[in-house]
Structure formats: C-alpha cells, structure tokens
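Going line by line, the protein sequences match chains W and Z. Mapping the first sequence onto our numbering, position 1 (from 1) lands on 1, and the numbers just tick up by one. Mapping the second sequence onto our numbering, position 164 (from 1) lands on 359, and the numbers just tick up by one.
None of these hints come from the bench; they were simulated from the model. Note that the coordinates shown come from a computational prediction; the quantities given were computed from them, not determined experimentally. One should not assume that every hint holds.
Claimed, not checked - Cross-link-like lysine-lysine pairs, in silico, DSS-like; alpha carbons within 30 Å at most:
#1 Z:K201 with Z:K256
#2 Z:K201 with W:K53
#3 Z:K297 with Z:K256
#4 Z:K324 with Z:K346
#5 W:K154 with Z:K256
#6 Z:K346 with W:K35
#7 Z:K201 with Z:K319
#8 Z:K297 with Z:K346
#9 Z:K297 with Z:K201
#10 Z:K256 with Z:K346
#11 W:K35 with Z:K319
#12 Z:K307 with Z:K324
#13 W:K35 with Z:K252
#14 Z:K319 with Z:K346
#15 Z:K319 with W:K90
#16 W:K3 with Z:K201
#17 W:K3 with W:K53
#18 Z:K297 with Z:K252
#19 Z:K201 with Z:K252
#20 Z:K345 with Z:K319
#21 Z:K307 with W:K104
#22 Z:K324 with Z:K256
#23 Z:K345 with W:K35
#24 W:K35 with Z:K297
#25 Z:K345 with Z:K307
#26 W:K35 with Z:K201
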Amino acid sequence: MTKGRINVYYVIITVLSLAIVGLSVGYAALSTTLKVTFGNVTQAVNTWNVGFKPGSVTAEVGGTSDTGRVCGNATVTTNTATVDAATLSKPGDSCTYALTIENKGSIAANLASITPTYPGETSCTTSGASMVCGNITYKLTTDSSGNDLLTAPKTLAATSGTLPIYLVVEYTGEDLSESASPQTNASFTLTYNQA
Amino acid sequence: MQRDRKTEVYYVTIGILVFAVLMLGVAYASLNSTLKKSSAFAHPFVATWDVGFEPGKVLGKSLSYSAGNNKSCGSIDVTENIVSIGNLGLNTPGYGCSYALKIRNRGSVSAKIDEIISSQPSGKTCSVKEDSIMTCGNLTYKLTYDYGGKKLLTTGDRLDAQIGVLPVYLIIMYSGSDIENNDIQVGASFTLIYNQV
C-alpha cells in the first residue's frame, strides 16, 4: 500500500471521528440544570412580651367646671397603669388617660378578656369595657370618641404590634347636694393570650 | 493479489466509523422527522431546546396557621437557571413561605427530569423523600406542582415541548415543635436536571 493511500485513510478516519464526536456532542447537549438555593434560615426561640408602654401620662381634662376638678397623673409600668387621685365636681367632668399596649415578643397575642373590679363597697353595672358606679363611669375605649375597647381588633401582631387605648373616668350622674363618698380601687384587668 | 493486512484494518475501521455516523444521523433525523410530521409547514423544522425558569421577581407568600404571625417572606429574583432565596426567619411552628416559580419549555423538544439532587444545609442531617422533599430538624423544604404542597416533583416527570410555562412551588415550612435554642440552617438546595425525552 502506498504512502499516499495511507494518508487518505488517515484523513477519512479523522474526519469520520470528528463527525461522530460532533454528532454526539450535539445530541448530548440537550440538557438543562436548574438550581434553587436557600440562604440563612433562622429559627429564633419564641418570646412572650406583651404589656403597657411604660411612662407617666398626664390626663386630658374634660367638662365645664373650673374648680373642684382634679385629674391626677397615671404612672404606667409594663403590667400596671395606676391613676393618682382624681376629683370630679360636676356632671360632664372627665379625666382621660392615653395608654399604649405593645407586643414586643415573637408571638402574636389576642385580647382574651377585660374584667372590671368595682370600687370598694360600691355596686356597679357593667357593659362591654365600661362600668357605671353611682355617678361615675369608668371605661376603656379604643379612641378619643369613646368607642368601647372591645370593638377594636383583638389581635396584637408579633414583634411590633401596638394598640392605643384610653382610660376614661367621667362624672355621668346627676348633680349632688353634698359630696359623695370617694370611690377607691376601681380597676380593669386585661388578659392577653397567645394568638 | 492478497490484500495488505493494514489495508483491511483501515477498511474495517472506516466501516465502523461510517456505521456509527449513520446511526447517529438516523437518530438525529428521526428527531427531525418527528418534528416534521407535527409541523404545519412544509419547510424543514429545526429542533430547539428552551427549558429553564421563567425569569422575573417572585413575591413570597406567607403560610401561617396563626393570625398575626404573618411575617414577610420577601421576594426573590429568578434567572433562567438559578433561584436564590435570601435570608429568612421562621420562628413559629406551622409558619412557612411559598414561592410560585415557573418552569418553561418553549422549545420543540420534550424534556423530562432525569435527576433531582437535594443538598442538605451545612452541618445538618436531613431525611429526604423522593428527592424533592427534605426535612432537616424543624424545617421542611419541598418542590411541588401545587400550592398545597402535596404533589411533589419526581424523577421522570415530563415537560412537554411547547407547553409554555408550568407552575412549580418552592415551599419551606417550620414543621417541627418549639425550640429551646436559636438555630440557623444555611445553604439547603435542590438541583433539577432536565434532559430531552
């Protein structure tokens, strides 16, 4: 066999090999890889932290009498809001305290109940988040217009949920011919549970 | 005249190579001929391969069993081949995030899932089921065809030619119970390998 013929064979073999490789690559190229990757997924331990926004609150005074009406400040801690002594002298006199309930925990909270406690030795009637004790009405409202707190959304969202509430003490009865006995220790207890 | 032995070897080699080229050509041609039969046009049909994610921004949807705990799941940017979920915080059992992805096949060649590879978060041990659902501690990662998370992607699933887009949901759920210590899982992933049918 001549050298020239051998070279031809080599060329043919090479070309055919390249054709096979090319077809194989072309045939095998029909493939796609898709990837989904997560970054950091953090699980933090749940915390419960629902309470009042602490501070001292000055009352907004209502009514028409210029004398004999005194609205003490409210001292607010996480769990308690305590109102100093107040004197209401005429029908329409009122003291309104703007408070805020906060949820700084990682669990949403629901307002489960509002429980009134009557002032000592005074009988009262209750309705929603208000109680009428003689000439005095105590109530918790959701806004300055006086809407009952129980009409507000009950869920306090986790981490940054807040609910403004108003504590109102108002002289709603008739004029008195003589001073009535002071009413002491009236209170509301709000209970929040996990949503 | 007796043929040179080397010549015979060359002839056999060339014969084998020609046969191989013919077989590959027939396979390619059959692919094209199938497409010609389905084509409404008389002109030659060129096979196209177009499988991938539909690119875009996808807003995560919160899955939560308790009202008031719906944290944002953020949004993710989807490219043709990669989806990267950013950092997430899942703090409550039952809480999770779902991302509605779209996988497309606008090519003329049908595809199927040849392999699903699930990669565990660094340093974590996970149980894997059907490759598209992976439970690692309190977290479950899955790829499903439905929002409810029941119909898992599986090997062999077809993605027919020119189907357009197919919705696929990427879901991550806090599936365990409350934990006593903070925990972080990093780098979980799924890889889907689509090959032609």
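Do the hints match the structure? See the list:
1. Z:K201 with Z:K256: Violated: K201 of chain Z and K256 of chain Z sit about 71 Å apart, past 30 Å.
2. Z:K201 with W:K53: violated (98 Å)
3. Z:K297 with Z:K256: Given pair K297 of chain Z, K256 of chain Z holds - Cα atoms ~15 Å apart, limit 30 Å.
4. Z:K324 with Z:K346: Holds - the C-alpha atoms of K346 of chain Z and K324 of chain Z are around 12 Å apart, at most 30 Å.
5. W:K154 with Z:K256: The given pair, whose Cα atoms are some 24 Å apart, holds under the 30 Å limit.
6. Z:K346 with W:K35: holds (19 Å)
7. Z:K201 with Z:K319: violated (62 Å)
8. Z:K297 with Z:K346: holds (15 Å)
9. Z:K297 with Z:K201: Outside the cut-off at roughly 59 Å; violated.
10. Z:K256 with Z:K346: Between K256 of chain Z and K346 of chain Z the Cα gap is close to 18 Å, so the pair holds against 30 Å.
11. W:K35 with Z:K319: holds (20 Å)
12. Z:K307 with Z:K324: Roughly 19 Å separates the two Cα atoms, so the pair holds.
13. W:K35 with Z:K252: Given that 30 Å is the threshold and the Cα spacing comes to 16 Å, the pair holds.
14. Z:K319 with Z:K346: Holds - the C-alpha atoms of K346 of chain Z and K319 of chain Z are around 25 Å apart, at most 30 Å.
15. Z:K319 with W:K90: Violated. K319 of chain Z to K90 of chain W sits at ~71 Å, over the 30 Å cutoff.
16. W:K3 with Z:K201: Distance of about 12 Å is within 30 Å: holds.
17. W:K3 with W:K53: Violated - the C-alpha atoms of K53 of chain W and K3 of chain W are around 100 Å apart, more than 30 Å.
18. Z:K297 with Z:K252: holds (11 Å)
19. Z:K201 with Z:K252: Between K201 of chain Z and K252 of chain Z the Cα gap is close to 64 Å, so the pair fails against 30 Å, i.e. violated.
20. Z:K345 with Z:K319: Holds, at about 24 Å.
21. Z:K307 with W:K104: Violated - the C-alpha atoms of K104 of chain W and K307 of chain Z are around 49 Å apart, more than 30 Å.
22. Z:K324 with Z:K256: holds (24 Å)
23. Z:K345 with W:K35: holds (21 Å)
24. W:K35 with Z:K297: Satisfied, since the Cα-Cα distance of roughly 13 Å is no more than 30 Å.
25. Z:K345 with Z:K307: holds (20 Å)
26. W:K35 with Z:K201: Violated, at roughly 52 Å.
Hints 1, 2, 7, 9, 15, 17, 19, 21 and 26 from the list above are not met by this structure, while the remaining hints are.
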